[in-house]
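Q: Residues per chain, in single letters:
There are 2 protein chains.
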Amino acid sequence: MKRRDFIQKAGVGSLAAGGTLLAPNVANAGAQFKWKMVTAWPKNFPGLGTNANLLAKLITEMSGGRIKVKVYGAKELVPAFEVFDAVSSGVAEMGHSGAYYWKGKAPATQFFSAVPFGLTAQEMNAWLYYGGGMELWRELYKPFGIIPTATGNSGVQMAGWFNREIKSIDDLKGLKMRIPGLGGEVLRRAGGTTVDMPGGELFTSLQSGALDATEWVGPYNDLAFGFHKVAKYYYYPGWHEPGSTMEALINEKAFNALPKDLQVIVLTACKAANMDMISEYTARNNQALDTLINKHKVKVLPLPDDVLKTLKQLSEEVVLELAAKDALSKKVYESVTQFRTQVTKWGSISEQAFLRARSL
Amino acid sequence: MKRRDFIQKAGVGSLAAGGTLLAPNVANAGAQFKWKMVTAWPKNFPGLGTNANLLAKLITEMSGGRIKVKVYGAKELVPAFEVFDAVSSGVAEMGHSGAYYWKGKAPATQFFSAVPFGLTAQEMNAWLYYGGGMELWRELYKPFGIIPTATGNSGVQMAGWFNREIKSIDDLKGLKMRIPGLGGEVLRRAGGTTVDMPGGELFTSLQSGALDATEWVGPYNDLAFGFHKVAKYYYYPGWHEPGSTMEALINEKAFNALPKDLQVIVLTACKAANMDMISEYTARNNQALDTLINKHKVKVLPLPDDVLKTLKQLSEEVVLELAAKDALSKKVYESVTQFRTQVTKWGSISEQAFLRARSL
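Protein sequence lines correspond, in order, to chains A and B.
When we follow my numbering, the leftmost residue of the first sequence carries the number 13, and every step to the right adds one.
When we follow my numbering, the leftmost residue of the second sequence carries the number 13, and every step to the right adds one.
Please keep in mind that the hints were generated in silico from the structure rather than gathered at the bench.
Every clue listed holds true.
Since copy identity is lost for identical chains, a pair holds within one copy or between any two.
Here are the simulated lysine to any residue pairs, SDA-like style, with alpha carbons at most 20 Å apart:
{"hint": "1", "residue 1": "Lys311", "residue 2": "Gln354"}
{"hint": "2", "residue 1": "Lys117", "residue 2": "Arg150"}
{"hint": "3", "residue 1": "Lys324", "residue 2": "Gly204"}
{"hint": "4", "residue 1": "Lys324", "residue 2": "Ser371"}
{"hint": "5", "residue 1": "Lys179", "residue 2": "Arg201"}
Source: prediction; values computed, not measured.
Using the sequences and the hints given, assemble the complete structure.
A: Have a look at this one:
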């Protein structure tokens with residue numbers, strides 16, 4: 013890094029804050045930043061909330077305390093669905109959430125979290141970092157003064173918990189299910205009814221019959237909620253969220269006020285946290301599934317092929333309509349769709365072919 | 013971070029090197045470290061060499077130049093196969109290589125790069141970060157004064173380029189193939205002959221008939237080598253290397269001499285680089301495969317199921333023999349095998365089931 017970059021960005025702030033003599037290459041070393049990170053998750057929620065904690069810890073530690081990041085659970089500073097506005101307005105310097113929550117701001121946000129029959133975690137990250145996805149995401153959030161990046165991925169989720177057996181597409185008719193986002197729209201087109209409900213109410217709603225089904229995340233989070241006690245069948249695969257990306261939102265002005273080393277620290281911490289979350293979910297889902305099957309004797313069933321085929325057709329309709337909403341949605345749709353076509357081919361002879369070979 | 017930690021680790025070195033007045037939380041900010049990173053790859057080699065460059069850049073930038081990392085290609089400072097010794101002895105502070113190169117130092121190293129029919133990239137990282145793998149890896153390298161960590165993954169490789177069609181296991185008999193490591197041992201047991209040969213000689217050897225087949229990496233690297241000009245068939249899946257991990261080697265004394273913020277920077281940079289490489293390979297393989305198939309009309313063929321089944325049986329023999337070599341090999345084998353059993357079950361209802369559903 014050039015010393016000049018430091019000096020330019022540091023301004024007088026560093027001297028005022030630290031009061032130190034500046035050694036070569038450590039200009040602005042004394043500048044102190046206190047950042048708030050608002051999140052869309054309950055504080056310390058396994059996988060999601062803990063990833064926000066990790067991200068804050070990495071930034072604080074790597075910066076030697078020059079940025080101190082404090083994490084707020086949903087409702088502690090702002091409610092979950094106000095995270096975007098809080099970062100946009102500068103109430104908080106960072107946010108940790110999922111992009112599909114902001115479809116009211118811009119429809120295309122949904123392409124950056126989860127798309128039914130879309131990309132897996134590995135493919136999504138390939139598209140974001142090396143396929144043009146990140147540039148489109150930044151373009152989308154630019155008018156709001158927010159720099160987005162990926163900070164985690166849940167991997168393939170489960171189709172959900174059902175109290176009705178799904179043998180054909182007709183079994184989805186009239187089904188009352190908690191399933192948000194594009195997946196919810198698909199279910200409605202298949203004849204189901206979707207119910208909006210916070211996670212904490214799902215257990216009793218399944219128990220009382222107010223819900224016939226719910227999706228949540230996967231074995232690790234689902235086991236903790238105890239859904240196996242109130243639902244009969246656990247269906248796979250999670251066609252609606254094949255690799256849900258969690259986003260870090262960074263207030264652009266706050267980011268630009270950092271010296272370059274701290275900017276690189278913030279973005280690199282997000283990338284490392286992104287690697288961390290998918291690793292955590294893969295390991296913990298794998299252990300929790302073992303517990304669900306062997307200890308709790310849960311019936312884990314595949315959705316029938318013709319159900320999946322119909323859901324896929326309906327998903328394509330829904331996503332095409334999303335693409336038609338505005339010019340940027342169309343641009344993102346075309347980028348991600350071309351990428352998916354190619355990566356599906358590559359996946360079929362790499363991950364998919366290998367996983368099949370290993371199970372022969 | 014506690015100020016005391018800084019002070020303890022910083023010692024006098026920071027004052028001597030920087031000559032600065034120390035502000036709270038920036039103790040040792042002035043200390044300067046010059047690190048050499050030796051690699052097992054040609055300088056700037058796509059995917060591998062470029063990942064070493066990225067890693068060095070991240071560390072240098074995040075530290076504001078307090079650690080300056082200089083990357084050396086193979087043979088620039090030491091030959092590829094002396095990277096481990098160079099880091100162990102302190103000739104270099106860091107290395108970038110693959111653990112299976114060091115089987116002569118300890119047989120169990122092979123578990124930390126690629127095992128035939130073993131873990132995919134996502135599963136490998138889950139095992140390393142959340143399944144006990146990293147702790148075992150550190151135990152294995154401890155006697156050599158090296159701290160290892162993951163810094164990249166190639167994803168599922170291809171089975172390779174062949175000038176002979178593989179219709180049954182008998183077609184592997186007498187096959188002269190370049191395939192190193194445990195995969196090579198498996199091929200020998202299937203009746204093939206393995207040839208040790210640097211990458212640069214593979215093209216002419218395939219052309220002259222000195223080789224009947226070679227594996228390398230995948231479409232991205234293979235296209236650059238031009239193998240499609242001299243080999244008839246491109247086989248999948250890469251049963252022998254389903255998710256090859258690249259390692260960062262860190263000299264323990266050099267690491268311990270760093271203040272805590274720089275230690276976290278070094279390890280976090282490796283984790284971010286790990287996310288970066290698999291993303292790069294996924295995106296670039298996907299584009300290169302498109303070029304190979306549509307522009308160069310390459311015949312991409314699956315290995316027949318009975319061939320894969322036999323290779324899998326032979327692989328299990330080979331890996332079991334490796335596990336029997338010493339106590340630590342046995343411990344690593346047991347850990348990774350238990351993890352694989354569980355994650356195969358989870359994979360079958362998550363990644364594998366979803367990829368299948370998407371292609372219905």
